[in-house]
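Please model the entire structure based on the sequences and the hints provided.
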Amino acid sequence: MSIDDDQAGADLRLEALFALDAPPAHDPEFMIAVARRTARRRLGVDLAWAALAAGVSALMLRALGPALAPAMKPFLALALAAGPAALMAAVVLALTHPRGAPI
Amino acid sequence: MRPGLEGGGGCPVEQALVRSARAGSAAAFSSLVQRHQQAVRAFARRIGGDLAEGDDLAQEAFVTAWSTLNRFDEHASFRAWVCGIAYRKALTVRRGLLRGLTRDGAYAQSRDWTSPASAEPASAPALRRAMAALPTDQRAAVALCLAGDFSHSEAADALNLPLGTVKSHVTRGRAKLLELMGGPDVDR
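Chains as they are written, first to last, in this note's numbering: chain A, 79 to 181; chain B, 10 to 197.
Don't read these hints as lab results, they were simulated from the structure. Here a beta-carbon is modelled for each residue, glycine too, at the ideal position from N, C-alpha and C. Each hint should be verified, as a subset may be incorrect.
Incomplete in silico selection of chain B near chain A, CB under 7 Å [to be verified]:
| # | residue |
| --- | --- |
| 1 | Val22 |
| 2 | Gln24 |
| 3 | Gln68 |
| 4 | Ser132 |
| 5 | Pro134 |
From the derived model, a few chain A residues whose C-beta atoms are all more than 12 Å from chain B [as the list claims (entries may be wrong)]:
| # | residue |
| --- | --- |
| 6 | Ala97 |
| 7 | Ala159 |
| 8 | Gly161 |
Set out below in structure tokens:
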């Protein structure tokens with residue numbers, strides 16, 4: 079037997095040993111685990127963007143508030159008047175129409 | 010070529026999946042994971058330590074791939090790209106662990122390489138121990154080209170190493186594996 083034959087045989091045996099602990103071709107558990115981690119990462123990214131947007135908005139309101147306040151006064155009065163009514167309507171809707179049901 | 014281990018670089022179906030996944034399709038990304046999980050997990054298990062750690066590493070690599078999909082060249086091999094991510098993550102983890110240990114050998118000995126040994130033939134743990142004794146880059150090249158079905162150039166892309174270096178790692182790694190496992194008759 080030549081050295082090449084020896085080496086080819088050794089390679090085949092190594093390949094067979096490696097194949098023993100090869101993962102399955104289809105593994106739903108692994109797929110679910112990846113999907114779960116991806117969703118978690120996506121949620122983290124979304125929350126970070128939302129926090130950033132909220133922070134920027136707060137800063138802008140703080141900076142522009144004094145200048146905008148006189149112009150916003152009529153709207154503010156309207157919101158204060160209509161706010162409780164809107165809140166009540168939202169609570170009633172939420173209680174009488176479960177999530178996903180048509181309104 | 011073994012089923013489920015096809016490279017897919019330049020494959021139109023795969024390119025379409027990558028484009029859909031980039032556009033936000035979770036189903037398309039899931040298909041990509043399904044197509045390549047076997048190759049990526051096999052690689053991660055061989056460089057990451059035990060089976061559970063390897064699977065964890067593979068999952069993290071897929072999640073990182075999802076979040077950096079815009080940087081992927083769709084004409085390249087997706088599985089090589091994800092294996093590259095897994096390799097770099099493994100190197101980072103290993104560097105962190107090694108900071109607290111004085112020698113590479115101490116690290117290898119500290120791992121429980123034989124934990125899933127319940128129904129395995131005696132040679133499988135021996136092979137795992139022999140793999141653990143290889144330097145990291147050699148082990149990665151062997152895991153891709155000998156244990157997996159990556160071409161040398163695909164492995165070079167994954168590991169970000171020159172082609173000649175990968176070839177030499179595979180040759181030396183194979184020789185060292187056979188030596189550690191008692192010569193060419195590794196299963197006798």
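Evaluated hints:
no. : hint   : in the structure
1   : Val22  : 17 Å, violated
2   : Gln24  : 21 Å, violated
3   : Gln68  : 5 Å, holds
4   : Ser132 : 5 Å, holds
5   : Pro134 : 10 Å, violated
6   : Ala97  : 8 Å, violated
7   : Ala159 : 41 Å, holds
8   : Gly161 : 36 Å, holds
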